[in-house]
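Engineer: Protein chains in written order, with the numbering used here: chain X, 1 to 110; chain S, 111 to 416.
Don't read these hints as lab results, they were simulated from the structure. Be a bit skeptical, because a hint or two may be false.
Covered stretches of chain S (chain X as the covering partner; in silico rule of three or more C-beta atoms under 8 Å from a C-beta of chain X) [unchecked claim]: (1) 132-141; (2) 167-173; (3) 176-187.
Virtual Cβ for every residue (Gly too), placed ideally from N, Cα, C.
If you want the building blocks of each chain, they are given just below.
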Amino acid sequence: MVERDNTGLGELRRGVLVLAVLSRLQVPQYGYSLKQALAEGGMPVEEGTLYPLLRRLEAQGLLASDWDTGSSPPRRYYRLSADGTRAFAALAEAWREQVRVIGAFLEDTP
Amino acid sequence: MMQANQVIDAYVRDVATCLPRARRNDVALELRALLDEELAERARSAGRPADKAMAMDLLRDFGRPADAAQRYHARPALVDAADTHHFVIWAIGGAVVMAVHAALNPGQPDPGGLFLEWLGVLLLCFALAGWWRRRHPTRFGWTPSRGPDWMPRPLSALSLVAFVVFPVAMYAAPMAFARVLLPATLSVDGLALDPGFAGSWPRALTMALLVAMAVQFAITLALGRQPAWLRRIGVALNLAVGTLLVAHGAMMTPQHGVFVSAQANTVAAPIFLTVGGMMVLVALYYAWREWTGIDPAPMRGEMPAA
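Just chain X, same shape as in the assembly (with noise of 0.2 Å):
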């Protein structure tokens, strides 16, 4: 479980979470393998948090899904759409200005 907190930690994380998620899902992930992926990787998030933003994103056009019935059992698999793919180019454009901005902000703190 990620511990909670009210540093504001889980804030900035939650900011990130849709970046980290799509840069994820350029290749096709099931929910459990896609939250062992963030974790690895060094973000680990709420399960009751990754799965419904699954679907909000999914909605939104930028994932689209498929079932594996063949596989026991039968998992949902995600992946970018094209809409999904543009946002990701975008959103890790914002994402680098941002890091640029913010590390001239710590360089600068008196």
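Assemble chain S onto chain X, guided by the hints.
Structural biologist: Just chain S now, kept in the frame of chain X:
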């Protein structure tokens, strides 16, 4: 004893019942598969088969079924969080009105039941307003108010004339007032003042306060605005006159009252109570507004004293 998979099934069922029918099966199928994988991973990590306690521990992290369902399908609150403050104020305001009404009319229906009905009406109104705002988010933009001092002269003049005609003239000489308004064929003799009341101090005091209120309107007209000191005097005058009118109504009997005629007293008593009660409530409302208002507002470039 309940098995781990039964616990998971029960949880998925409860989540699904909180979702729209069209989404239930789809979400339930995926959630069930994900929870199974989570549980299997925990069992692997613990080196023992999954049991009920392990399943309950997992589901605690997911939260209540209603909370989990809300994350899948967000439903708006019946009363928007931003409206809670106004909802509470309207609810308390209604409770005060009903308490005053019940105190003045002891034989009226159960005030507790009326209050519950009031809460129901409020809930419906706030829910509809929130729904309408969500459907038309750009139509209800904020517009600046003119501030508590605002009172244009035409409105002041109208208020002054109306006030002098209605309560002042009517209270000072009810028979003459009715004579002017009613057809000559109708008798207004019943509105002659009771001699005991006509010379009493409550009548003199009420008359003096009504004249003071008229003067307050005249000052507002002269200034073209309503500064805080004048508004506060108005609140005090409203409260005092309202209380006196309630006292008029409460002490009236058919034989001993404001008028000579017993029938006029019977008709007038509830009117005095209603008008007086309304004035008290209006005064309390404006007192609350004065108490909660910011006066004076901080000047630009000036910091309020710490």
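Engineer: Each of the hints needs a verdict: does it hold here or not?
Structural biologist: Hints, one by one, checked against the model:
1. Interface restraint, the stretch 132-141 of chain S with chain X: holds (4 residues with C-beta to C-beta distance below 8 Å; minimum three).
2. Residues of the stretch 167-173 of chain S lying with their CB closer than 8 Å to a CB of chain X number 3, which satisfies the three-residue condition for coverage.
3. Here the stretch 176-187 of chain S counts 4 residues with a CB under 8 Å from a CB of chain X, which clears the bar of 3, and the coverage holds.
Consistency with the previously given hints is maintained throughout, with no hint failing.
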